[in-house]
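Residue numbers (the numbering used here), protein chains in the order written: chain A, 1 to 383; chain B, 1 to 384.
Some clues are possibly wrong.
Said to hold, decoys possible - Residues of chain A clear of chain B, computed beta-carbon distances all greater than 12 Å:
hint	residue
1	Leu109
2	Leu161
3	Arg314
4	Thr360
5	Arg362
As the list claims (entries may be wrong) - In silico BS3-like cross-links for lysine-lysine, where the CA-CA straight-line distance does not exceed 27 Å:
hint	chain 1	residue 1	chain 2	residue 2
6	A	Lys168	B	Lys94
7	A	Lys171	B	Lys94
8	A	Lys91	B	Lys163
9	B	Lys94	A	Lys356
Derived from the structure by calculation, the hints contain no laboratory data.
The beta-carbon is built from N, C-alpha and C at its ideal position, and this holds for glycine as well.
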Amino acid sequence: MISQLLLDIPFSIMATGALVGIAASLLGTFLVLMRSSMLTDAISHSIVFGIVIVWMLTGQASGPVQIIGAALTGVLTVLLIEMLARTRRVKNDAAIGLVFPALFSIGVLLLNLFARDVHIDTHTVLLGEIGFVWLDTIQIGGTEAPLALVSMSVITAVNLLFVTLLYKELKLMAFDEGLARALGFMPALLFYLLLTLTSATAVAAFDAVGAVLFVAFVIVPPSAAYLVTDRLWRMILYGSVIAVVASVAGYYLAVLWNVSIGGMMALCTGAFLLLALLFGPRYGLIAQESRRRRQHAGIDRRALVVHLFNHEGRAGEEEENRVAALTEHLHWRATKVERIVHEAEDAGLIRVEAEKLNLTERGRGLAREVLEPWHREEGGLPA
Amino acid sequence: MDGLIAFLSDYTIQNVMAGAALLGLSSGALGVFAVLRQQSLLGDALSHATLPGVALGFMVAGTRNLESITAGALLTGAAAALLVLVLTRRSRLKTDAALGAALSIFFALGVVLLTRIQQTGNASQAGLDSFLFGQAAAILRSDLWLMGGLTLLALLLLAAFWKEFKLVTFDASFAGSLGLPVVLLETSLTLLIALAIVIGLQLVGVVLMAAMIVAPAAAARQWSRRLEQMVVLSALIGAFGGVTGAVVSATGPNLATGPLIVLAITVVVLLSLLFAPRRGLLWAELERRTYQRSLLENRVLLSLSRVAQEHDDPGYAAEQGMLDAFHGRPTGASLGSLERRGLVNRVEHMPEEGAHWELTDSGRREASRVVTQLDGGNEEREAR
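Using the sequences and the accompanying hints, generate a full structural model.
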């Protein structure tokens with residue numbers, strides 16, 4: 001039953017994509033929070049160099065040796081970037097832009113020259129071939145399972161263990177690195193551990209999604225989650241859920257349109273980012289816009305009641321407190337006047353009699369609150 | 001020699017060299033602004049984001065037409081820049097996440113579109129893969145006209161708005177206070193960088209074009225601190241690296257052009273980092289050593305003078321071993337140098353006890369000069 005499921009082609013493809021997404025989101029959450037997302041880009045490109053070197057030395061194109069060897073390349077990349085930035089001859093961003101293209105170039109050239117007959121050609125380097133993960137299988141306890149699925153399961157478990165065991169430390173590092181250092185949690189060591197696991201995950205995911213699409217799996221789901229929630233554990237959870245849904249949706253869309261499966265999965269994570277950007281409950285563009293409008297409307301209503309309150313019971317009230325006077329005295333356009341009067345009436349702040357505007361008790365209260373805010377602190381407004 | 005002439009008069013080689021020179025000129029000159037504005041990685045995002053444009057341009061034209069491919073690449077590059085802008089300005093995402101997201105999403109879109117084109121089985125799609133890593137051999141004479149025109153356009157615009165771009169790069173808020181349209185100028189700079197990326201796509205490919213923006217400028221920065229010189233130098237370095245890499249790649253099969261060009265320029269960057277006058281790491285190290293050596297010499301000189309004072313004997317001969325022990329390191333080299341400067345003399349005092357040294361007249365004068373200098377420094381410090 002299980003072995004049948006494991007060898008089911010669509011299932012193995014979707015499960016691999018989902019595991020890449022979960023493993024990547026677990027780590028990506030912290031990379032995004034620490035503003036180091038672009039290190040993922042650097043790592044995922046330069047591990048090509050590591051993969052080729054390890055392959056040339058050992059003849060192994062995948063497996064634990066590859067993962068460890070290439071993971072070291074990832075760490076080496078970050079070390080080189082930091083070394084270069086520390087000379088203060090180039091800025092940090094330029095250092096990233098110098099180091100990884102150089103390593104990547106060497107990797108690609110070596111691939112071109114020496115490894116043309118291996119399955120890791122330059123095309124797979126960039127795109128991966130998640131559609132073929134079911135071809136390589138491995139026997140585990142008498143059950144046959146796709147190799148990529150097994151290695152991604154192991155990596156996901158390791159990442160999950162890492163994040164669970166060091167949750168507090170990682171959280172402290174992400175939000176207050178200075179405090180973490182002062183308390184002796186060695187954030188630098190933890191950060192390098194995080195980058196090592198990122199590199200290892202990149203290598204394990206490499207055959208499936210390649211160098212560039214891996215960046216999408218690491219950065220995009222946590223970024224989308226970041227636009228939706230303020231809680232760290234929710235960010236991890238949402239990121240993983242987004243990755244899983246994007247993998248499943250991406251698979252079916254790719255089959256439907258007959259296009260790259262990995263590309264479509266990555267594109268689906270992008271769709272979630274777009275959704276979060278637009279419809280996020282607090283930080284989404286629409287929420288921001290409606291909050292801005294609400295604030296404007298509130299300000300306008302206050303201006304209206306204060307205007308009416310100032311002239312109430314004084315000479316000229318008949319002229320000032322009417323609809324027609326507002327366009328002139330508050331410099332509002334006629335359509336705006338109509339809208340605000342309407343809203344204020346609905347809110348029970350004013351009563352409109354013919355063209356005359358009268359404050360209600362509630363409206364008067366609001367005006368006093370604006371004009372005499374000290375009464376609020378003294379407890380209650382005078383009648 | 002005949003071989004070289006034959007090589008240089010080869011039609012393809014000429015095309016490749018001209019194309020690579022154009023690519024290096026434009027990306028070198030405009031990359032300076034990206035690097036100085038600390039937007040090196042925007043180049044990375046933009047170059048990856050041109051992939052869907054390449055595919056779209058191909059789909060619209062139905063063939064590998066460089067004009068439509070270039071237009072498409074420019075379009076999606078600009079769209080990615082816009083996405084980065086919206087994400088950083090209007091959401092809580094920081095620049096790094098915005099860049100990474102734009103880069104990977106647009107690239108994914110490009111991959112999807114490319115596979116879509118492959119499904120249609122269009123025969124001329126074969127050349128599209130060359131946009132990933134660049135392929136020197138794929139360049140045509142007609143492509144050069146387009147590349148040349150775009151390079152000319154980019155450089156003319158740069159020259160026309162030179163003062164404005166310079167001001168925005170170094171002090172955007174001052175530029176704003178002068179009434180310059182800062183946002184417009186920054187947007188134009190970003191678009192010009194996108195243009196430079198698009199010019200090089202065919203030779204370097206979408207993945208590595210980012211390096212062409214960063215590397216020549218980073219190398220040029222080591223040699224000059226004036227923007228004018230830096231832009232010219234960066235353009236020249238870009239062109240040199242471009243031509244070197246492209247020519248090497250044209251000599252053999254299976255040599256992707258992009259990686260070779262990037263490596264050629266990386267070598268220039270390394271050399272610049274090491275050897276550039278004043279800023280070069282090698283010079284800095286030499287300077288540090290010279291300084292340390294003169295520091296130790298002064299200290300040895302003062303020790304000799306103090307020992308002589310303690311013994312009330314201006315010609316007191318101090319034992320070298322004692323000086324070594326006092327300074328915690330061998331002082332032989334320092335003493336040798338002091339001797340060459342005529343400040344100390346080696347004397348034959350108890351030869352079996354090792355070398356002994358005494359101050360000369362000028363050595364005593366130098367020692368008191370150093371002491372006065374040091375005291376002056378101390379007084380100044382106390383006065384503060």
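Hints and how they fare:
1. Leu109: violated (5 Å)
2. Leu161: holds (25 Å)
3. Arg314: holds (45 Å)
4. Thr360: Since the minimum Cβ distance to chain B is about 39 Å, A/Thr360 lies beyond 12 Å and the statement holds.
5. Arg362: The claim stands: A/Arg362 keeps its Cβ more than 12 Å from every Cβ of chain B (closest is about 36 Å).
6. A/Lys168 - B/Lys94: holds (23 Å)
7. A/Lys171 - B/Lys94: Holds: A/Lys171 and B/Lys94 sit about 18 Å apart, inside 27 Å.
8. A/Lys91 - B/Lys163: Holds. A/Lys91 to B/Lys163 sits at ~24 Å (cutoff 27 Å).
9. B/Lys94 - A/Lys356: violated (52 Å)
Going through the hint list in order, the structure does not satisfy hints 1, 9.
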